[in-house]
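Enquirer: Protein chains in written order, with numbering that gives the first Met the number 0: chain A, 0 to 168; chain B, 0 to 611.
Warning: the hint list may mix true and false statements.
Reference listing, derived: stretches of chain B covered by chain A, where coverage requires no fewer than 3 residues with Cβ under 8 angstroms from a Cβ of chain A [as the list claims (entries may be wrong)]:
#, stretch
1, 33-44
2, 64-74
3, 230-243
4, 366-378
5, 396-406
Simulated from the structure, these hints should not be mistaken for laboratory data.
Note that the Cβ used here is the ideal one computed from N, Cα and C, for glycine as well.
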Amino acid sequence: MQHESPSAAAMAVEPSEAEICGLLDELDDLCRSNLIGALQEIQGRYGYLPRPALAALGRRARVPLSRIWGIVTFYSQFYTEPRGRHTIRCCRGTACHVKGADRILDTIRSALGIQEGESTPDRTFHLETVACLGTCFLAPVMMVDSHYFGNLTPQKVEAVLRNFRDRDP
Amino acid sequence: MTPLRSPADLQQLRLRLAPDPDQPAIRVCATGCRALGALEVCEALEAELAHRGRGARARVLRVGCHGLCAGAVAVVVDPQGVFYQGVTAEDAPEIVAETLLGGRVVERLCYAEGEHPIPLLAELPFYRHQTRLVLRNCGRLDPTSLEQALALGAYGSAAHALCEMAPEQVIEEILASGLRGRGGAGFPTGRKWRFARAAAGDEKYVVCNADEGDPGAFMDRALLEGDPHLVIEGMLVGAYAIGAAKGFIYVRAEYPIAIEHAELALAQAREAGLLGEDILGSGFSFDIELRRGAGAFVCGEETALIASLEGRRGMPRPRPPFPAQSGLWGKPTTINNVETWANVPRIIEMGAPAYAQIGTETSKGTKVFALAGRVRNTGLVEVPMGATLRQIVYDIGGGIPGGRSFKAAQMGGPSGGCVPARYLDLPIDYDSLQQVGAIMGSGGLIVMDETTCMVDIARFFTQFVQDESCGKCVPCRIGTRRMLDLLTRFTRGEGDPADIERLARLGRMVASTSLCGLGQTAPNPVLSTLRYFRDEYEAHVSEGRCPAGSCQALLSYRVIAERCNGCGACLRACPVGAISGERKQPHAITQAVCIKCGACLQRCRFEAIAVE
């Protein structure tokens with residue numbers, strides 16, 4: 000059974016007000032001209048969007064928090080909770096579907112014991128599915144962080160996941 | 000680089016940079032092929048060249064997509080133009096020793112037709128039947144090098160347009176070329192530009208729609224990754240024509256290499272004075288900003304894309320007003336797709352009359368298709384409008400592997416439809432595809448054979464649009480949900496025959512009442528499969544049978560006793576213990592326990608598992 004243990008959730012410490020303020024100072028222009036860009040930068044720093052950062056961004060951009068929350072929840076690449084260090088994006092595009100993407104996804108799910116949208120308890124991996132990675136010629140495909148892995152078989156998937164796990168301390 | 004101040008500066012620099020055609024070079028696809036180790040191949044080649052020292056001089060170029068993606072990692076050795084496929088780092092010493100130094104061909108790395116290897120890229124059937132206009136330099140140049148792009152003529156069209164043509168002339172030229180939008184709907188580009196030019200106001204924008212979200216389409220990705228300066232040049236010409244001072248490239252966040260290369264190209268163009276103030280002394284100023292999408296398919300729809308650029312939820316709004324009148328921040332805006340922008344410099348270069356020679360009566364120029372699915376040569380294919388499916392799938396694509404037969408091609412992604420085998424010889428253009436119930440769309444072309452279930456494909460696309468529906472209008476939000484429910488029941492062999500007509504009616508309703516292009520075209524995959532493959536729907540619903548043998552819930556697995564030698568592989572593979580049998584005796588599957596996962600079929604080496 001895979002339960003999210005409280006200790007794992009506590010591992011990701013929310014950044015302090017001062018730290019967030021410092022980051023927003025760096026992003027001052029972006030906060031006013033490109034809200035989505037600012038959110039992408041904040042997420043780039045913390046791996047997710049901490050609540051206090053959203054509130055601070057709203058104050059700085061003079062945009063109500065409700066609107067920011069609306070944006071964050073609309074786009075699939077914004078996360079409001081801390082996640083695993085490596086993001087696995089398993090492709091469910093047409094070509095991958097025709098070439099057995101379901102079996103690839105099943106392999107990842109059972110190897111890691113998680114479903115789409117979940118992270119492993121040790122925060123090594125986070126699993127997502129995407130509609131298409133645009134690499135149909137390599138079907139079936141998955142992406143781990145910004146690396147593509149193509150022509151997958153269940154065995155190959157297991158090897159890739161093992162490699163990522165071994166690479167981490 | 001010192002900024003270029005005039006077309007003459009550009010011309011001089013080009014002459015200085017002109018490549019020596021006899022210079023040896025090894026061109027490795029370092030974009031799409033990266034997933035299969037292209038960067039390691041580059042390093043191995045460089046190490047081998049360094050190891051051999053002065054005797055082996057050649058440049059290793061990290062180029063964009065060669066097009067024949069089935070041959071990843073794809074490598075071309077110049078000056079001969081030898082094409083190697085499936086190259087790994089271990090092949091590097093042999094390529095250097097044999098081909099580069101010895102002038103001999105490594106046959107085992109060649110594309111082969113039967114037993115017969117075809118070493119030269121120009122002679123491959125895959126390339127011979129193409130007209131590579133937009134993709135001409137994709138795979139020829141290192142996309143991170145402005146110098147290489149300039150050497151091959153980049154920004155020549157922009158210099159000509161900005162310094163020697165009036166904006167109205169540019170628009171006339173694009174109108175005369177007959178160019179239509181390559182992103183889907185096929186609206187005449189010149190007319191779009193004319194509306195934006197005529198619209199009141201000094202502040203105008205151009206936008207490059209690189210939010211390529213259709214499953215099965217990857218030409219925009221390949222263009223931005225492999226020849227970003229071509230896209231920038233197209234936008235520069237368009238901005239000059241409509242009078243825009245600022246442009247945006249909106250790229251999906253799922254395309255990291257495209258983002259990297261486009262950002263780099265923008266910085267290089269700025270440094271060289273090809274973007275910024277007073278470009279090439281023309282008095283025209285223009286700059287481009289790149290924006291990353293945040294993961295929403297609907298943002299490919301132009302009004303939703305504008306909302307996203309403005310920093311809002313990417314939801315579409317009714318048109319009119321069209322973006323040409325009121326677009327980004329309420330200003331006149333021209334939005335074109337990546338491939339459309341990439342056509343613009345070619346039109347200026349060759350002239351509208353020559354461009355309009357290519358194609359059919361109503362659709363001019365070429366179209367890039369992303370060929371994938373059950374076809375031998377998957378990859379990017381550029382053909383003149385009016386080419387037939389048979390030419391694309393058989394002559395270029397090399398046909399269907401495993402001796403199976405062509406059943407249908409899914410064209411245009413979730414907005415498109417399935418074109419059945421009877422239309423293999425139909426000349427493809429915007430209008431002919433519309434007539435048969437598909438659309439050109441962005442150019443995704445997924446080939447399906449008799450093992451692909453059309454009901455399952457319809458369900459797959461409906462699931463996709465259901466997930467991606469933004470929820471603003473009711474027909475799309477709830478209609479696609481109900482369609483998905485019906486289709487899911489069909490794939491399980493449930494539902495009653497009247498449900499098929501109910502599905503068709505619902506589809507027509509969603510198409511006619513949805514707010515934006517996503518909903519209006521969402522039922523196309525369903526309606527087109529109903530039109531051509533209604534018998535498959537009926538088999539599912541009335542007989543509980545999947546003719547393609549694809550819908551798992553309707554299948555049963557059985558051991559063919561005569562072929563089973565009792566090795567036990569399937570027995571060990573079965574996750575639920577449904578297989579029993581003594582060693583060296585034929586095994587059997589207990590149907591009540593079997594979950595139809597297919598693990599036994601995958602594991603059996605004697606083709607002793609039958610699926611019915």
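Enquirer: Take the hints in turn and mark each one as holding or not.
Expert: Tested hints:
1. 33-44: Three-residue rule met by the stretch 33-44 of chain B, so holds; n is 3.
2. 64-74: holds (count 3)
3. 230-243: It is violated, with 0 qualifying residues against the three required.
4. 366-378: holds (count 6)
5. 396-406: That given contact is violated, which follows from only 0 residues of the stretch 396-406 of chain B lying within Cβ reach (below 8 angstroms) of chain A.
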